[in-house]
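> The lines below spell out each chain.
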Amino acid sequence: MSLRHVGRVARALLVSQYALMLEYRAEIMLWALSGVLPLIMLGVWSGSGAGVQAGMSAQQLSRYFLSAFLVRQFTVVWLIHVFEEDALQGRLSPFLLQPLAPLWRYLAAHLSEQASRVPIVAVMLLVLGLLVPGLLWIPSAQSLLLGLVAIQAAFLLRFLLQVLITTLCFWSERAAALDRLLLIPYLFLSGLVAPLETFPPGVRLLAMATPFPWMVDFPARLLAGAPVNAALGFTAIAAWSLLLLPIGRRLWRAGLRRYSAMGA
Amino acid sequence: MTIIQARNLSKSYRISEKQPGLAGSMRHLVRRVHRDVKAVDRISFSIEPGEFVGFLGPNGAGKTTTLKMLTGLIHPSAGELEVAGHQPWRRQGRFLRQITLVMGNRQQLIWDLPALDTLQVNSAVYGLEPVAAARRIRELAEMLELGPELQRPVRKLSLGQRMKAELLAALLHSPSVLFLDEPTLGLDVNARARVRDFLAEYNRQTGATVLLTSHDMGDITALCPRVLLIHQGQLFHDGSLPLLTQRLAPCRQVRLELAHLHPTEAFANYGQIEEHRGHLLRLLVPRDQLTVRVAALLERFSVVDLEVADPPIEELVGGLFRSQEASAAGESA
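Chains as they are written, first to last, in our numbering: chain A, 1 to 264; chain B, 1001 to 1333.
Just so you know, these hints were derived from the structure itself, not from any lab. It is possible that part of the hints are untrue.
Stated by the list, open to error - Computed spacing ranges between beta-carbons, pair by pair:
hint, chain 1, residue 1, chain 2, residue 2, range
1, A, G134, B, A1132, 57 to 67 angstroms
2, B, A1132, A, A115, 22 to 32 angstroms
3, B, Q1087, A, H81, 26 to 36 angstroms
4, B, G1318, A, L243, 54 to 64 angstroms
5, B, Q1087, A, E23, 51 to 61 angstroms
6, B, E1017, A, L243, 54 to 64 angstroms
7, A, W78, B, A1132, 34 to 44 angstroms
8, B, P1130, A, I247, 37 to 47 angstroms
9, A, L205, B, G1093, 25 to 35 angstroms
10, B, R1032, A, R180, 35 to 45 angstroms
11, B, A1023, A, E23, 25 to 35 angstroms
12, A, L145, B, E1201, 36 to 46 angstroms
C-beta atoms are modelled at their ideal positions from N, C-alpha and C, and glycine is treated no differently.
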């Protein structure tokens, strides 16, 4: 497959999926609005004063949670839900009969959905800035660049993790339930509810051995300009990705052998 | 050279069975009872390039399962299968570029976008150059009588327009083997006729091999010189439609218009009386005795008009399907 062909396929998929997302703009706006957990947590932490006790200033705390809000907005993965539906309804079969692995379509759909969120999130930030003066700040070019790269890396890691669970759809008709179970460690270990910095050292160490803190805490801290070991973070994401990728490929191939093309 | 070769192709599914009610649910929870169902049982056939073959069978006979194996969507449980020189279940790119599957009840077009968006994605996926893809879309759209419809969201198209757009999307990459699963399902008479004409023309122009399943015998009689009839997972017939008629109907239908009135008993020795009303008589006569009995009838009675015909294929195949459904219902009762 030539690079030109890859480019054409990527462009065609992204353009069509972006057009599709624009059709669903109202729904995407609601999804974006539903991703305000970090802002709620900011309110909780600011009100209780626990941040100061944990060694974080009010500014550090607000920058962290605002960054976590942005990370959350652009790392949402809903692969398993559409895949499960597609497999059950027989919509997966036409994809499987084309010389392109279906997962590329879903990846393009996610990236397009991210792009369609940009103006919605921009408006949300503007409103926040007007409501809470001094909340917004202009990050340094380095923080911004590293933060954006980390957000995409975190998204890919989340996507890969969900690919693993998604392949279970070949064995179970309700594999999405497992994803809901994973939501618990994701919420508490990723840094969405509390910055990893505020965890007791032992718990923090344990959390860092999982893929979750690299999905929120790491990119959020980079974006917020907090001290963070960028090399360690990117290495951890790469290591987890390299671990998940071959497992996902094996499970996918094994799953296809079991696929019964139900509904089609 | 054969393009499709199946030898002892089989597919079994393991299904769990549950009795109704709370007790059944509890038993199902604690101890599942599984049963192996043979959807396709050792069928063998081969198809030459350019053939237009009808694939018939009642619901649950194994047609769609066979199609899924032929396209590589599912793995066979046993047997050998080769399509266009490939083992379909490997789903290699070179194989997938040669085939297409159109399902009347499923679609590949993106529902909320114009069909042209899906066509652009497909042309990129199959590596068609933009100019060549545009030309191909124009040609196929002309054959299918599609124009501005391609720029309307798919959800806004009529069923007939949608099926034609589905065909366009499925044929964009010029596949040499077409698997069509009920492509005229739900279409009105005119739309059905247009789809049939298109398929016949496509087969004639490109020499593509076509395997068509349809419950509409009109599709089969209009398009398929050869028919595979699958019955309870096994191949019941492989040959021409007239040959199938002979197998399903060992008798021919003799219709007579008589000059005089006679009692029904007078015809008892000439065949099975289907209808006797006034001067009109309809008899079923065994094929091997047709000449002798017709000659005897002409000698014994004064005949105004005589017609010998096969029973309509729709009735024969429908009768076969009904008898199978009745026996299945009897077994499950």
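> Holds or violated: the 25 to 35 angstroms window for the beta-carbon distance between A1023(B) and E23(A)?
About 48 angstroms separates the Cβ atoms of A1023(B) and E23(A), which means 25 to 35 angstroms is violated.
> Should the hint that Q1087(B) and E23(A) are 51 to 61 angstroms apart at their CB atoms be regarded as holding?
Given about 39 angstroms between the Cβ atoms, the range is violated.
> State, for the Cβ atoms of G1318(B) and L243(A), whether the hinted interval 54 to 64 angstroms holds or is violated.
Because 58 angstroms falls inside the window, the suggested range holds.
> Taking the beta carbons of E1017(B) and L243(A), is their distance inside 54 to 64 angstroms?
40 angstroms, violated
> Does the Cβ-Cβ separation between A1132(B) and A115(A) fall within 22 to 32 angstroms?
30 angstroms, holds
> Kindly confirm whether 26 to 36 angstroms is satisfied by the beta carbon distance between Q1087(B) and H81(A).
33 angstroms, holds
> Falls inside 34 to 44 angstroms, the C-beta gap from W78(A) to A1132(B)?
Once the Cβ atoms are compared, 36 angstroms apart, the range 34 to 44 angstroms for A1132(B) and W78(A) holds.
> Within 36 to 46 angstroms or not, the Cβ separation of L145(A) and E1201(B)?
Given range 36 to 46 angstroms: violated, Cβ gap about 58 angstroms.
> Could you tell me whether the CB distance from R1032(B) to R180(A) stays inside 35 to 45 angstroms?
24 angstroms, violated
> Given the hint of 25 to 35 angstroms, is the C-beta distance from L205(A) to G1093(B) inside that range or not?
Taking Cβ atoms as reference, L205(A) and G1093(B) lie about 46 angstroms apart, which means the hint is violated.
> Taking the beta carbons of G134(A) and A1132(B), is their distance inside 57 to 67 angstroms?
59 angstroms, holds
> Cβ-Cβ distance between P1130(B) and I247(A): within 37 to 47 angstroms?
38 angstroms, holds
Consistency with the previously given hints fails for numbers 5, 6, 9, 10, 11, 12, ordered from lowest to highest.
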